[in-house]
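Residue numbers (our numbering), protein chains in the order written: chain A, 405 to 695; chain B, 1245 to 1404; chain C, 166 to 945.
What the hints contain is simulated information worked out from the structure, not anything from laboratory work. Just so you know, not all the hints are guaranteed correct.
Unchecked claim - Capping the alpha-carbon separation at 25 Å, the derived lysine to any residue pairs in SDA-like fashion look like this: (1) C:Lys434 x C:Met245; (2) C:Lys434 x C:Pro226; (3) B:Lys1250 x A:Ser461; (4) C:Lys311 x C:Leu292; (5) C:Lys223 x A:Ala408; (6) A:Lys683 x A:Ala502; (7) C:Lys849 x A:Arg591; (8) C:Lys849 x C:Pro197; (9) C:Lys478 x C:Arg307; (10) C:Lys243 x C:Gln376; (11) A:Lys576 x A:Thr470; (12) A:Lys683 x C:Ile619; (13) A:Lys491 x B:His1333; (14) B:Lys1250 x A:His428; (15) A:Lys491 x B:Ala1363; (16) A:Lys419 x A:Arg591; (17) C:Lys176 x B:Asn1365; (18) C:Lys614 x A:His428; (19) C:Lys849 x A:Thr431; (20) A:Lys683 x C:Ala613; (21) C:Lys551 x C:Glu349; (22) C:Lys849 x A:Thr470; (23) B:Lys1250 x A:Lys491; (24) A:Lys432 x C:Met245; (25) B:Lys1250 x A:Thr431; (26) C:Lys215 x C:Arg307; (27) A:Lys491 x B:Phe1361; (28) B:Lys1250 x A:His453; (29) A:Lys491 x A:Ala408.
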Amino acid sequence: MKPAPFQYHDPRSVKEAVALLAQHENTKLLAGGQSLGPMLNFRFVMPDHLIDLNRISELAYIRAGTDTLDIGAMTRQRALERAAEIKRVCPIMAEALAWVGHIATRNRGTIGGSLAHLDPAAELPGICALYDATLTVAGPKGTRRVAMADWGVSFMTPNLEPNEVLTDITLKLWREPHGHAFVEFARRHGDFAIAGVGCLVALDRTGKARRVALSLIGVSSAPVRLAAAEKLLVGTDLSDNAIQAASAEVAKLEALADTQVGAAYRKRVAGVLLGRAIKQAAGRAAQGTKR
Amino acid sequence: MTDRRKIELTVNGVRHVREIETRLTLGDFLRHELGLTGTHLGCEHGVCGACTVHLNGEAVRSCILFAVQADGCEITTVEGLAQPDGTLHPLQQAFRDHHGLQCGFCTPGMQMTIAAFLAENRHPTEREVREAISGNLCRCTGYQGIVAAALDAAQRLRGT
Amino acid sequence: MGARNVGAIVKRLEDPRLVTGRGRYTDDIVLPGMLELAFVRSSEAHALVKSINVSAAKAVPGVIAVWTLAELGAIAQKPMVQAYPSPAIKQDITQYPLAKDEVCYVGEAIAVVIAANRYIAEDAAQLVSVDYESLPVVIDAREAVKAGAALAHRGAPNNIAATVAWKFGDAGAAFARAPHVFRETYYQHRGVAHSMEGRGVIAQFEGAMDQLTLWSSTQAPFLVRRYLAQYLEREEARIRVIAPDVGGGFGPKAGHYAEELVAALVAMKLGRAVKWIEDRREHFLTTTQQRDQWWEVEVACEAGGKVLALRAKCIHDNGAYLPYGLLLPMTVIVPFPGAYAIPAVEVTLDCVFTNAVPNTPIRGAGRPNAAFILERTMDTVARNLKLDQAEVRRTNFVRKDQFPYETGARMPTGVTIQYDSGDYAGCLDMVMKTSGYAAFETKRAQAAKAGRWIGLGIASYNEDTGLPPYEGATVKVLPSGRISVELGSCSQGQGLETIAAQIAADQFDVDPQDVIVKTGDTAISAMALATVGSRVAATAGPSVHLAATQVREKAIRLAAQQLEVAEQDLEITRGAVHIQGVPGRRLMLGDLAKRLVSGVMVPLPKGFTPGLEATAYHTSERPVYANGTNIAEVEVDIETGAVTLLNYWVAHDCGTMINPMLVEGQIVGGVVHGIGNALFEHMKYDRESGQPLTTNFAEYLLPLATEMPPIHVEHMETPSPVNPLGVKGAGEGGTIPGIACIVSAVENALKPLGVKVNEYPISPERLLELIDEQRGAARA
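Using the sequences provided together with the hints, build the complete structure.
Structure representation (C-alpha cells):
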C-alpha cells in the first residue's frame, strides 16, 4: 500500500504555508500524519501537493494563563500529555490523552491535526468543546476565529476552507474549584471511542451543582455539548435521580452507526458513561472543597 | 516527473546522504535504500507497530512517515540496539530468555517500543508495560513472554 | 545416551538473528534486476469481466508490462490445481491464475503489473480500467444453500461444493430411548489469520539451467513445488521452493495461491526475477479465511448427564473457490466425539459456495468449531439437568483405562479413529485445582454483593496431532565435527530449528546451539509435506531422532573398528567417541566423518558406506492425541456488555515436551488467538453487494496486550506410544478449546439471568441484546 505521487513542500512559517495553499490545487496539510498517513497509503486521498507543517516551529507551544490555555496547533499530543502546565490547569486533558491512540501515535499526532481531521470519536475535540474553545484559522485574507461550537460542519468536516490552516487553540479555563472526569468506552486500549464523556462540575457551598459542563464524543458526527443535560443538573445534588434525568437527554441525539457499533447501542453506552463521569467529577469536586 | 529531495540523516550513528522520491516512506527508505531490513512492514496503516523506530529518541511508526521528514534527524532501528561488538542489548537478551518472540516479525518494532518506554519509565508495573505495548500487534506469543521480557529488562537496566 | 536437551528449556537458535533484526523474510531478499508485481483486483463480488484496458497503465514510466490471463501463456489457460482431490467433491472449482471471464469475490486477481518497484506498480494498477457486468451475489451461506438461491458461480447447478457426513453408532436408537433430548442452534465465525507478515513470493527463472526457484512465505514448500510442477507441466527437479524466515502462518500459508503461480509464470516469460509482497489490505481480501458456520444440534442423554448420542447439521461458508478440497470441512466433522466416549454421532455438513474469499484452515482448522459444539453441548446438558459443568464432562470423558480408545468412527480411507493415550480426567482435576473451581460460587456471591457479574467457563478438548504420514530429516556429522540437521519441514515461529537441534544434540552430547539446522527448502533431500495441524514436532521430531540415532550407531561402529574394541565399551562425550573409563583414547566425530568421506584412491573402512550421515522417516498411520481442559474467569459489565478477562488456566497434555518453554509459548499464543475469535474478530461482508466491510486493523480487532488475562499453564505428560519420543503436537491446543471456554465463561457470568450465548464472536453490543431479550422473555 504505497501512496500516490505528490509534490512535497515543507514551509517554515504559517505565512509560507498559506501562500502554498493559495498557489496550488488539490492540496493536503500534513500534521502528525497518524490519520493522513494511512489514508495516503490506502490511496483514499491522492493530493497533488502535500504541505508538511512539521517544520513550522512557531505552531508548537503551550501557554497556560489564569483565564486561558493557549496551545499551538502543531503541539504534539505526547507533549500535552506530559506537560506540567496541562496537569496543573487542565488535568482532564492529560487524562483524556491517555485514551488517545498509543504512545507512538501521540509522539507524532498533534492537537491541530486531531481538530482538523475531526473524527467523531476524537478525544481532544471533546475536551475543546468542554472548554468552549476558540480556534484560530489563518487564510489568504488573514486570520479568523471560530468557536468550537461552530467548528464541526458535518461528518469529519470542520469549519476550515481548503486554503486555510488551523493555527491556535484557546481554551477558557475554569477559575473556580471544580471536579473533572473523563470516561470513555472502547473495545480495546487506544481504540476509537464508542462513546466518551468529559465532565466538569463546580459545587456551591451546600454541595449542589453550581456549574456543569458535559461534552460527548463518539455518538454524533462532532463533539456535542449536552446543554440540556447541563441545565437539568445545575442546582441539583447530582443524585442518581438527577443523573438519570440528564442521561435521558442522550437518547434524543441522532447517533452514528458503523460496521462495528449500532446507533442505539452507542447512545445507551453514552448514557451509562454520563452517569459515571458525573459521579466521578462530583466526587472530586466534593473532595476539593473539603481541603 | 517524480518529486525528489536530498536528505541527510543519521541512522544508528551512521550519517547518510541520499536523494529520494518524496513519497518514499521512512520504513521503505530504511529497508530498501539502506538495506536495514530489520524494520518490518506489517500493515502500512499505522496500527500494528512492526515498523516502529526511534526518531530523535521517540518511538514512531515509520510506515506513516516520509523519509524526507527525517531529514536532519537521528534514527535508531533495531539494528542499532546491540553493541557494535555484537553484545545484545539487555532487552534483546531478555526477549531471548523469556521466549518473547516466535516468528520474530513483530519483534523489532516491539523492542523499539519497549526500549523507548523503558528509557522514560524505569520502574514500570505490568499494567504499564501492557499499555506501552498496546500499539504493537503480536499474533504468535499472546504477549505474556514479551511482558515478562520487558519487566526483566527493566530490572537489568536498573542494574538490580 | 540419556536425554539431556529433550525436555529442557533450551534457548532458541532462531533468536539471535531475529532479535537483532537479521531475520531473512521474503521481502528482505533482493535479487539482481528484480522487478516488483502489483495486482489489479476485482472491485466486484461477482461479475463478468467484459474488457480490461491496460494502455494507460503500460505507459507509466518504470512499468515493464501489464498482463492479463492471455499473456501468461498457453499453459496458464486453465484453473489452478486442486490441492486435495476427493470423490466427495461435487463441484471442483478452483481459481484461474488471473481472471478468465468471471470474478467471484472482491479482490480476485484480474491483471498483473510488472514494474521497477511497488510504488510504480501500484500507480499503474490504478490506471487499469476494468469493465464489469454485475452478476448476482450471494454472501450468506444459509441463503446460498437454498434451492433457487443466487449462484456464486454462473451456470452452476447450485452452490453446494459437497456434503460430508460423519457417522458412527446408532444415533436413531439412542434418541428414541433417551430420557432427555436438548436442541440448540449455534453460529460460529473464525475470521482472518493475520500473521504479522503477509504472504509474499519471489520467483526467479534461469533459462539456461531450466531452473525455476521460488522463495515464498509458505508453510508447505514441498506442496507448492508439487502444485507448480503439475500446473506448469514441469519436472519437480526443475523447481525449487524455499521457505525463508516466515513471519507467522496459522494455516492459510499452507495453500497454493494465484500470486505464486503468476510470479512463476512472469519470471519464466520475462527471464527476470520478480517479487510480490502482499500488503495488509490484500491479506484481508485475498488470503484465505475461515468464516461462518450455522449449526443445529441435538443431544440425547441420561438423567445423570451421560450423553448417548449427538446429531448435528452444519451449513459451512466455503467462499468462492475450493483450493483446499474438503480438508477444512473434514476437520470440522472428524473430531467428533472429541474427548468424550459418546457412542453415537451423526454430523452432516454442507460446504457452500459464496461470493467471498475462499475458506481454508486457520489455527485449529475445524477443530475449534467441533470443540465449540461439543463443549456448548456439555454446558447445555449441565444447564438443563442442573448438573455441575465439570462433572458432566468427567461423566462423559474417555477414561484412562479405556486407552487405546476406538471411537467407533472410521476415516474414508478405512483407518479407524483410535486415541492412543491420555488422562483426560487428570487434566480436568489439575485445572480445577489451580483455578479454585470448587470455591467459585462463593466468590461469585461476594462479587454479586458488590454489583459485579463474574463467571467461570470451562472447555475440554482432545486433538489429533502429528498427522501422518511423515516429515523426514537428515542428520550429518560435518568434517568439522559439528552436527547438521536438514529438514524439509519449515517453521513460522514454532522453533523448529531449536527442537531439531535439541533432539540431535542428545545423541552426540553437544551443545544444541552448535547444531546447524536448515529447514524448508525442497533442494534439501529429506521429503516433507506441510507445517499444519500441530504435526511437525511429532513427525519431524522422531525423524530427527531416528536419523541422529543411526548416525550415532554408525559412528560407534566405525570407532569400534578403528579402536579395535567392542561397541558396548564406547560412549560419546562432547562430540568425541571414547572408550568408557579411558578418556585419553578417543576419536573426534569430525575425524570419523572425514574417514567416511575418504578420497580418490583411498579405500573406505571395510563394511562402511560413505558419509557419517543418515536420512530417516518416522512414519505413522495415525495421529497422536493431545488433550486438555481450560478454565476462564471473566467479568461482564451489565450496563455496557463489556467483557473483562480476569484469569485463564490451562492444563494440557502434549506428551513428551521437547522444550517446555516453546510448548508454553504455543499454548499461550493459541489461547489468545481463541480469545480473539471469541470476543473480537469478525470479518464482515455486505450481504447485498458482497463488499468486505472490515478491511483494516481499526475495523477488524485483533487481541492486544492490554485485554489479555494472566494465562497459567500446567503440563501433564502422557507420552504417546506411537513415536519414539512420545511427542504430541501443541500448536493448536490453546485455540481449540479457547473459544468455547471464553463463551462458556461469559454465559456463566450471566447465569443468574439465564442468558444463553450460542454464538461467537460476541461483542458487548450483542451481549446486551441477548441480556435484553432474556429479560424481556423473563418478564413476559
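Hint numbers not upheld by this structure, sorted from lowest to highest:
4, 8, 13, 16, 17, 18, 19, 22, 23, 24, 26, 29
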